[in-house]
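Going by this note's numbering, the sequence shown opens with residue 507, and the numbers climb by one from there.
Just so you know, not all the hints are guaranteed correct.
[What the hints assert, rightly or not] Calculated pairs, BS3-like style, for lysine-lysine (alpha carbon to alpha carbon, straight line, at most 30 Å):
(1) K739 to K653
(2) K739 to K586
(3) K630 to K739
(4) K823 to K630
(5) K630 to K847
(6) K686 to K823
(7) K586 to K630
(8) K686 to K630
(9) K686 to K847
(10) K714 to K739
(11) K653 to K772
Keep in mind the hints are simulated off the structure, nothing from the lab.
Keep in mind that this is a model prediction, so the values were computed, not measured.
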Amino acid sequence: MYVNSRRVRKYQFVHIFATCFVLCFMFFWVEIDNPSFVHYMKSLSYKYLINSYAFVNDNLTTSRCNRVARHRYLINHEEKCQGQDVLLLIFVKTSPENYHRRDAIRQTWGNEDYVHHYLNANIKILFVLGQSRNFSLRSQMQMRLEKEDERHGDLIQQDFLDTFYNLTYKLLLQFSWANKFCPHAKFVMSADDDIFIHMPNLIAYLRKLAQIGAQDVWVGHVHRAAPPMRNKKSKYYVSYKMYPWPVYPDYTAGAAYVLSRDVVAKVYGASQTLNSSFYIDDVFMGFCANKVGIVPQNHPFFSGGGKAPYHPCIYDKMITSHGHVEDLQYFWQQITDLKMKNISSGVWGSIYCRIVNIMLLCRLYNHDTYLCSAAFS
507 MYVNSRRVRK YQFVHIFATC FVLCFMFFWV EIDNPSFVHY MKSLSYKYLI
557 NSYAFVNDNL TTSRCNRVAR HRYLINHEEK CQGQDVLLLI FVKTSPENYH
607 RRDAIRQTWG NEDYVHHYLN ANIKILFVLG QSRNFSLRSQ MQMRLEKEDE
657 RHGDLIQQDF LDTFYNLTYK LLLQFSWANK FCPHAKFVMS ADDDIFIHMP
707 NLIAYLRKLA QIGAQDVWVG HVHRAAPPMR NKKSKYYVSY KMYPWPVYPD
757 YTAGAAYVLS RDVVAKVYGA SQTLNSSFYI DDVFMGFCAN KVGIVPQNHP
807 FFSGGGKAPY HPCIYDKMIT SHGHVEDLQY FWQQITDLKM KNISSGVWGS
857 IYCRIVNIML LCRLYNHDTY LCSAAFS
């Protein structure tokens, strides 16, 4: 069949022109209606540039090392890991006043004896904190922390003020402690004190990684092409002087992520050369990893923000869920209930849970912690 090439070229030109016109109109309209969307779309175009080139860290590099030793230990347990085969070392970022959260964790997913007895795994949990920011109550709070540590022996504290703007110091403390006092732990996890961790699922997942000798592991809920906050009223505000680029390197949400021990050593070394005044700790982690060529791996059941839906089919695969304070005991009872575990067993159980997960995670206005794609994993 004869095809007029001139007509084809004309059709292609019209098609391209129309597409460009529509895209320009959409960007112009969205700029007015939703500036954050167009900012995000523009950020996507820089994604691979930022992740591929080391110059993004140039303005953060400092000739003076971030020596964590300049912060004095107030409470420490150097012997926590000595002479033991540790599968997982967990650092829980907490504040001095959050003793109720720490107790709830000790009684649920952070119970080392439970994990050792029922899961046959050796884990170590440490709560990481600074000094109380309330000067008038600091001495009283410190005495309370010391008594708490006498009972449980699981706090590590340095003398920086425990504030949002010192979160990077808390991150550096974790890397420093792991590198110095527990370098043989196969994996290291950083988590918030309002996180829920499905310990049986996490242990099973890490055992599989350990069996194959996995390296360069940095897994969690990955943020890709995230733009810096330029609104000065936001606590996440970052100036152009501190970070001039339109998008951050890929990083995992600070709520919870896991590193293999080789990554801990590499990231710790990188952290010594970067400016720790950049106070958004999970982004700073991204800078460190980017500097040594470590790429984050997304896990569909690591939470970024928000709680997991309350359903046994979700519990079957979940690793972490964020935003738990009052319901930690409830969640723990649910996942340790044998009846709950049997719901997804067998062919029909698997089909049932697949349908339920799709209904829960793939709703049009789903604001839950997991993406729709998790329902098919």
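Verification of the hints:
1. K739 to K653: Measuring from Cα to Cα gives roughly 39 Å; hence the hint is violated.
2. K739 to K586: violated (42 Å)
3. K630 to K739: violated (39 Å)
4. K823 to K630: Holds. K823 to K630 sits at ~23 Å (cutoff 30 Å).
5. K630 to K847: holds (26 Å)
6. K686 to K823: Status violated; Cα separation ~34 Å.
7. K586 to K630: Distance ~7 Å between K586 and K630 Cα, so the pair holds.
8. K686 to K630: holds (15 Å)
9. K686 to K847: Violated: K686 and K847 sit about 39 Å apart, past 30 Å.
10. K714 to K739: Outside the cut-off at roughly 45 Å; violated.
11. K653 to K772: Roughly 35 Å between the alpha carbons, so the hint for K653 and K772 is violated.
Hints 1, 2, 3, 6, 9, 10, 11, counting from the list given before, are not met by this structure.
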